[in-house]
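Whole structure, please, built from the sequences with the hints as guidance.
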Amino acid sequence: MTDFVHPALLFILGAVPIPFLKGTIRKAYLVLVPLLAFLAVLTIGPGSYGAATFIGQEILIAKVDKLSIVFATVFTIMALIGTVYALHLTRAGQHVAAFVYVGSALGVVFAGDYLTLYLFWEGMAFASAYLVFAQGSEKATGAAFRYLMVHVTGGVALLGGILLHVAVTGSLLFGPMEGAIGVGAYLILAGFLLNAAVPPLNAWLTDAYPEATVTGAVFMSAFTTKTAVYVLARAFPGTELLVWLGTVMALYGVVYAVLENDCRRLLAYHIVSQVGYMVAGLGIGTEMAVNGATSHAFAHILYKALLFMGAGAVIYVTGRRKLTELGGLYKTMPLTVALYMIGAFAISAFPFFSGFVTKSMVVAAAGQDHRALVMLALTMASSGTFLHTGLKLPYYMFFGTDRKLEAREPPRNMLVAMGMAAALCIAIGIFPGPLYALLPYPVDFEPFTGAHVTESLGILMFTALGFVIFLRALDPENTISLDTDWFYRKGARGFMWLAEKPLARYEKAVSDVSETAVLPFLHGSARAGLRLDLNGVDGVVNGVARSILTGGGALRRLQTGVVTHYALAMIAGVIAAIVVFAVVWR
Amino acid sequence: MIERIVDFFGDETYAISRRRLFYLVLALIVVADFLVSREHAEYLWERLPGWSAVYGFGSCVILIFVSKFLGHQGGLMRREDYYD
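Heads up: the protein sequence lines correspond to chains Z and W, in order. Terminal number for the first sequence in the numbering used here: 1049, no gaps in between. Terminal number for the second sequence in the numbering used here: 96, no gaps in between.
Note that these hints are calculated values from the structure, not bench results. All of these numbers come straight from a predicted model, not from anything done at the bench. Note that the Cβ used here is the ideal one computed from N, Cα and C, for glycine as well. One or more hints might be untrue.
[Stated by the list, open to error] Below, simulated DSS-like cross-link-like pairs (lysine-lysine); rule was C-alpha separation at most 27 angstroms, straight line:
id : chain 1 : residue 1 : chain 2 : residue 2
1  : W       : Lys-80    : Z       : Lys-785
2  : Z       : Lys-785   : Z       : Lys-867
3  : Z       : Lys-867   : Z       : Lys-794
4  : Z       : Lys-964   : Z       : Lys-953
5  : Z       : Lys-953   : W       : Lys-80
6  : Z       : Lys-602   : Z       : Lys-953
[What the hints assert, rightly or not] Which chain Z residues stay away from chain W? Per the calculated CB distances, all over 10 angstroms, these:
id : residue
7  : Gly-486
8  : Thr-506
9  : Gly-510
10 : Leu-530
11 : Thr-749
12 : Val-973
[Claimed, not checked] Partial pick of chain W residues on the chain Z-facing surface, computed with a CB cut under 7 angstroms:
id : residue
13 : Ile-14
14 : Ala-65
15 : Gly-68
16 : Gly-83
See below:
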């Protein structure tokens, strides 16, 4: 254990002092922690750390191999960028939540057993939900509750799956699923797919991310779905189902992006689309495909964060988020435009930008595996990616109709963070070597062939031609789009109706009975009791009542009504219960 | 310098030169696609020069109109207060 500092611990314990630090010291501290974590990941050696037995089961806090190191590397880089982007925030809450969120994601990436994985998995859900709650508006609170509800449900499926899986295999250790996939494995897969936002389990993402705070959404865009990609890569590589889910997903996100009017929701649909490439790659499961999915996750985290930072900067400066209300900002925000466009070129896989060297690996792997249909569908999705993030969104946000908005460049820390992400997007695109060296398998792939470059440019620039010709058809409209969240948003209405109408009537009937029959009896006995009471019991009762009153006061102070406090109490309770259980079990 | 590049893509005064540059780039891409070597091509369409231009344009048009069709006729797009 001595030569291994768990990066998750750095973030989670490192979050504790944040509220007590002020001003420049806090800023320095906030930057220092991700830097230290990055160094910790760089110096980590492959191996197993923190093995122990727990309730008669082997657990393994950290299992380090190439796959976990790639994800941990990009997670810590992203934590640094996201923290710099959020440096101007004066309240500690979001910094703490972001650190716990990043720490939990790293905990999942290194988890060697299902119990560790599950605890960090839930930690991620609660910490990230805070970033939506922190936005403060009524809409955001609603979205955050739905986000929590979906993730708690997914967590239950995962936990159930883990228990069944352990009952069958007898081991808690987390690794590739072997043999036929049973019910337990399917439940685990469902829990993973939910976090990867695979349709129809995708709506939590596009519902909640656009409602999060400007800085919170940047963190969210990076961690939850990519942790899910990691666990899928670890446990389910080569599962045929994933190929088709991933391919459908890539197109699903693109179709919804056409309809979308909210700038960050459009980007959120492109997360769904891009994660589709990764899921499909993992489903194909060849060495090249897994390499492609992993490297694409690496590149995706950086360019997607850059895009969210660009859109966030616009929201921060103008206070507007709908494309129908934005336009003409290029004169006042040229740097933001340029940095955003670097992210857009990267996601669209323009040659010499990061997406080009990673996305093409997934598509080429599909080709090599003789999956022509998958290849064509994924290529079509990349056309759609450029159409929206590279053309539609910047056109209506920065160019288009000049709405005469008062705007300026965002604070310097935001620009610096965007600059860092942009530099990496270009660096990876030009020198893919270091990234390829990090990948789990040796890379035998050359992205820069003449045919590949002209093919990519042909796809992209003729998409631009289509955009120019059919520009009017793409005008954003003042609407929202129905997605699978319809079922629980409208379904909840049905439940409320049930609670209000039939159940309320039943309750009224019960109370009627009690009023006519039970109450007179109670009155009578109360009078008898009063007589008894007056003769002597009073003194004792008064003493007891006084102590209960003080106790009640103390209890009331515990009830803050803040959801995060309850959530923390629940997590503490779960941990306490497990400890008690473990001791008694022995 | 960045401001001037961004200005070139936004300002109305450059509209004509912007358009010329765009068409020039399109033409160059198609020409280059005829010149590159394709010995590794596995699929039929990979051997067709200019295929990517056609497929890119077609994808773009299909995505726009299929999505808008689903949105309008399929009922996916709703008023903003739909859930309120």
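Against the structure, the hints:
no.: 1; hint: Lys-80(W) with Lys-785(Z); verdict: holds, 18 angstroms
no.: 2; hint: Lys-785(Z) with Lys-867(Z); verdict: holds, 15 angstroms
no.: 3; hint: Lys-867(Z) with Lys-794(Z); verdict: holds, 10 angstroms
no.: 4; hint: Lys-964(Z) with Lys-953(Z); verdict: holds, 17 angstroms
no.: 5; hint: Lys-953(Z) with Lys-80(W); verdict: holds, 24 angstroms
no.: 6; hint: Lys-602(Z) with Lys-953(Z); verdict: holds, 16 angstroms
no.: 7; hint: Gly-486; verdict: holds, 32 angstroms
no.: 8; hint: Thr-506; verdict: holds, 37 angstroms
no.: 9; hint: Gly-510; verdict: holds, 39 angstroms
no.: 10; hint: Leu-530; verdict: holds, 28 angstroms
no.: 11; hint: Thr-749; verdict: holds, 15 angstroms
no.: 12; hint: Val-973; verdict: holds, 34 angstroms
no.: 13; hint: Ile-14; verdict: holds, 5 angstroms
no.: 14; hint: Ala-65; verdict: holds, 4 angstroms
no.: 15; hint: Gly-68; verdict: holds, 4 angstroms
no.: 16; hint: Gly-83; verdict: holds, 4 angstroms
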